[in-house]
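Chemist: Construct all of the structure, not just a fragment, from the sequences and the given hints.
Spelled out, the chains give:
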Amino acid sequence: MAASVSVSVVPAAEGLRAVYTSGKTRTYEWRVSQLNAMLKIATRHEKDFVVALNSDLGKHEHEAFIHEISAVTSACRMALKELHRWMKPEKVKTSMTTFPSSGELVPEPFGVVLVISTWNYPILLSLEPVIAAISAANAVVLKPSEVAPAASEAMAKLLGQYMDASAVKVIEGGVQETTALLEQKWDKIFYTGNNKVGRIVLASAAVHLTPVILELGGKCPVIVDSDINLTVAVKRLISGKWGCNSGQTCVSPDYVITTKPFASKLVDAISSELERFYGKDPVNATDLSRIINSRHFERLTKLLDEDKLFGKIVIGGQRDKTNLKIAPTVILDAPLDSLIMTEEIFGPLLPIITVNDIRDGIDLITSKEKPLAAYIFTNDKKLKEDFVQRVSAGGIAVNEVTIHLTDPALPFGGVGESGMGTYHGKYSFEAFSHKKPVLYRGFTGEISARYPPYTTRKLKFLKAAMSGNIIGIIRALLGW
Amino acid sequence: MEDFHGLIGLRRAFRAGKTRGIEWRMCQLRALLKLVSENEARFFEALEQDLGKHPVEAYRDEIGVLKKSADHALLNIKKWMAPKKGHLPLLLFPSRAEVLPEPLGTVLIFGSWNFPISLTLDPLVGAISAGNTVVVKPSELAPACSSLICQTIPLYLDREAIRVVEGGSDVADKLLQQQWDKIFFTGSPRVGRIIMTAAAKHLTPVTLELGGKCPVILDSFSESDLKVVVKRIVGGKWGPCAGQACIGIDYLLVQKKLASHLIESLKACIKKFYGDDVKSLQSICRIVNKNHFDRVCSLLEEPSVGASVIYGGSLDRENLMIEPTVLLDPPVDAPIMTDEIFGPLLPIITLDKIEDSIDFINARPKPLAIYAFTHNNKLKDQILQETSSGSVTFNDTMIQFICDSLPFGGVGQSGFGRYHGKYSFDTFSHEKAVLHRSFYLELEPRYPPWNDFKLEFIRLAYNFEYVGLLLLLLGLRRRYTSSRSH
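These protein sequence lines map, in sequence, to chains A and B.
At position 126 of the first sequence the residue is numbered 126 (the working numbering), and the sequence of numbers has no breaks.
At position 108 of the second sequence the residue is numbered 108 (the working numbering), and the sequence of numbers has no breaks.
Honestly, the hints are just simulated from the structure, not real lab data.
C-beta atoms are modelled at their ideal positions from N, C-alpha and C, and glycine is treated no differently.
Accuracy of the hints is not assured; some may be wrong.
[What the hints assert, rightly or not] Cross-link-like lysine to aspartate or glutamate pairs, in silico, EDC-like; alpha carbons within 20 Å at most: (1) B:LYS84 / A:ASP386; (2) B:LYS454 / A:GLU46; (3) A:LYS260 / A:ASP333; (4) B:LYS378 / B:GLU355; (5) B:LYS18 / A:ASP386; (6) B:LYS380 / A:GLU90; (7) A:LYS91 / B:GLU318; (8) B:LYS279 / B:GLU318; (9) B:LYS272 / A:GLU446; (10) A:LYS426 / B:ASP426; (11) B:LYS380 / B:ASP170; (12) B:LYS18 / A:ASP363; (13) B:LYS227 / A:GLU446; (14) B:LYS380 / B:ASP356; (15) A:LYS260 / A:ASP357.
[Said to hold, decoys possible] Partner residues are not named here, just some residues of chain A that face chain B (Cβ under 10 Å, in silico): (16) SER294; (17) THR406; (18) ASP407; (19) SER418.
Modeler: As structure tokens, then:
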């Protein structure tokens with residue numbers, strides 16, 4: 001079985017390399033044609049994607065559009081608009097030490113790249129890296145997640161139909177196909193997913209010295225201070241947590257930290273806003289995504305059912321195993337060594353941890369692994385400064401959640417356990433480019449001190465020349 | 001848990017914020033400069049001992065590089081540390097975005113033996129400027145330099161934040177088992193793989209500065225220009241550590257009809273620079289040790305390769321000296337043309353036309369540098385567009401290494417990641433995206449319960465169609481009706 005998987009993967013990879021080597025993907029025209037083709041897919045087949053996302057995740061059409069499809073079209077449009085500028089060599093001022101000379105950075109593709117995607121935003125997290133790879137002129141294989149099979153099938157069909165199949169391929173499948181793909185030599189690998197598989201990807205890349213981008217996750221904390229506009233904060237918190245795929249999002253708030261006296265106010269506010277958003281029967285609310293599959297459903301209920309959480313569930317807790325739905329659930333003061341506080345939740349459960357002094361919240365966060373995002377709601381300037389300076393995370397948002405990743409001017413990526421590398425906007429183009437430095441020299445200004453036979457005088461000259469010390473250079477030239 | 005070489009202390013110092021302030025970083029950079037200038041004679045001595053490196057070469061390629069790098073960092077560190085403002089779309093008004101560089105934490109730097117000072121301490125400049133705590137592991141193959149670095153660093157730099165660990169592969173293995181926030185490695189692809197595999201266990205990002213077969217493409221030149229070209233080629237091949245350099249020239253490509261004149265010019269220049277008796281060569285390093293000496297010699301063993309030697313070839317095993325050697329058209333499948341030479345042997349490959357060099361280079365792994373001597377702009381463009389390498393330098397060799405504004409690093413088998421100048425700072429930093437919003441100007445359409453109005457609003461907003469948005473809000477725009485009943 002494994003042999004037959006390799007058999008289909010190897011020729012696909014080799015075919016792409018031949019096409020890439022022919023130079024086909026390098027032209028502006030090819031890149032534009034592919035970006036336009038992708039744009040057509042996202043606009044003409046929006047309905048197909050919505051249906052697939054509903055099938056895989058129970059994702060509401062609005063979420064499907066806002067979080068996935070519109071982001072794909074935006075990425076295409078931005079690339080089309082900026083491509084000329086991104087492709088142009090960047091002039092670089094060269095230093096005195098190489099005078100006279102001129103320099104530039106010439107962006108070039110890596111070559112044949114592999115994009116491995118995930119299941120929670122299966123369209124976005126597959127197509128946005130592919131758009132990036134194409135705009136940088138790479139040939140690309142996309143391996144969508146088998147855990148979201150309808151989305152995977154839709155993408156395989158549509159990309160097969162619209163894109164240049166000789167240079168852009170979708171290979172569907174599970175662990176076996178992924179393993180076979182990782183055994184091939186790629187010029188870059190872009191992986192979105194969890195840190196366990198991230199390690200496997202990085203180790204496989206090491207064999208071929210392939211550079212990688214790992215977009216992982218983590219426990220994204222939210223500090224909620226007391227002197228704030230609580231209603232607005234809670235609305236933003238809810239939309240970032242449950243409004244984003246029922247919390248199954250790498251940048252979703254994972255847990256909240258607030259002060260002991262403020263906790264009940266916070267819980268009440270969350271409770272009433274939740275009801276305004278999702279009604280009195282949230283387990284059956286159609287605006288909420290379901291849990292992706294029974295394996296994750298079991299994982300989440302195990303977190304909830306741990307003895308340590310007994311009596312601590314203050315909102316929700318209802319579940320519907322048949323329909324794989326869990327109501328928005330809030331847990332107050334789960335012990336720090338409970339499963340829910342040690343693992344990435346990736347679901348609609350929100351622990352609130354209370355501290356005596358809000359500043360202790362920063363210590364708690366920095367004692368854990370670096371997350372993909374960290375959030376704080378506060379009007380306290382000093383606390384905000386402290387938080388921004390001391391908390392290391394992929395990205396930080398103040399008085400907001402998740403929305404920072406919609407800004408194309410900001411790089412999106414992790415640090416430490418939450419990953420390495422960035423993309424979005426121009427960072428996407430750079431993620432898939434090697435910016436090759438080029439130095440132009442002429443034949444004037446020969447410095448004989450570079451060459452043997454070496455003498456003390458040459459040493460003196462070199463010392464002055466390398467430090468840019470004009471007086472020293474003159475003195476050395478005059479033999480002083 | 002064993003505290004391997006005080007790693008726990010380094011992590012603690014980092015968490016305590018010791019290395020974050022600009023004062024600490026600048027103080028360490030100044031201390032490093034002091035270390036170098038006060039111990040210059042000792043460094044020259046150590047380099048002479050380890051590699052037979054002449055002080056001029058030692059200054060040009062090691063001490064001078066390090067000084068320049070630390071000076072450049074001191075001059076620019078404030079700018080580098082400043083947050084970069086990002087612009088935000090009107091939709092997110094009022095808000096503020098910035099990218100804030102922060103240190104990665106505790107980092108590990110592996111030095112190399114061929115430029116044991118600069119390749120070990122130049123990355124340290126980057127790590128310090130970026131505010132990290134550091135462990136430096138110099139190469140044991142350059143023991144005098146390793147020892148000197150180990151002795152001097154604790155005397156000048158902050159011991160709580162910067163440490164030197166000496167030793168061989170067993171020490172390196174143990175270091176690799178620890179958890180680091182970044183690993184910076186200079187060396188061979190073989191060891192690069194080992195490093196990256198170990199780093200994968202902890203999801204540690206790495207920079208690998210490897211090597212490759214760096215070719216020179218030589219077009220035709222006037223006699224006067226050729227004089228300069230030949231000096232640059234000879235200086236670029238045997239000047240840096242007798243060819244034991246990652247960006248050193250590995251082999252040369254030239255048109256058949258130009259070969260013999262080139263060879264005569266090369267011979268004359270080599271004699272002038274280095275002399276012609278292997279027992280009394282001047283201004284050139286020796287081979288680092290017997291292992292590498294034997295390795296380089298074995299490249300000449302094959303009879304067809306030996307027969308292609310047209311200059312040099314003399315060996316002095318006792319003193320680890322190999323005469324600058326030139327070969328003409330050795331077989332392209334012999335190890336001398338498939339492995340990185342890393343020694344004082346220069347194969348010349350002749351071609352019918354110089355444009356054929358592009359295919360020749362592309363048939364081989366991507367090198368760290370490509371050197372092309374040509375006035376032909378069309379050829380220059382072809383080289384840039386049709387080949388891939390860490391860098392390209394036109395009409396010179398090696399010198400891109402001391403240009404602080406150009407990134408230095410490889411691609412493909414020559415590595416990934418880059419440094420020098422600001423890129424050193426960046427390579428040891430995490431650029432953290434920060435978005436600041438206030439509580440005003442709430443966008444209701446963000447929130448459920450969903451309806452068609454909200455969807456249309458967001459659709460327009462995402463396309464930045466502000467006029468359409470206005471019309472929608474004024475009720476003057478036809479709404480898109482969704483297929484779902486609500």
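Chemist: Which earlier hints turn out false for this structure, listed by number in ascending order?
Modeler: 7, 11 and 16
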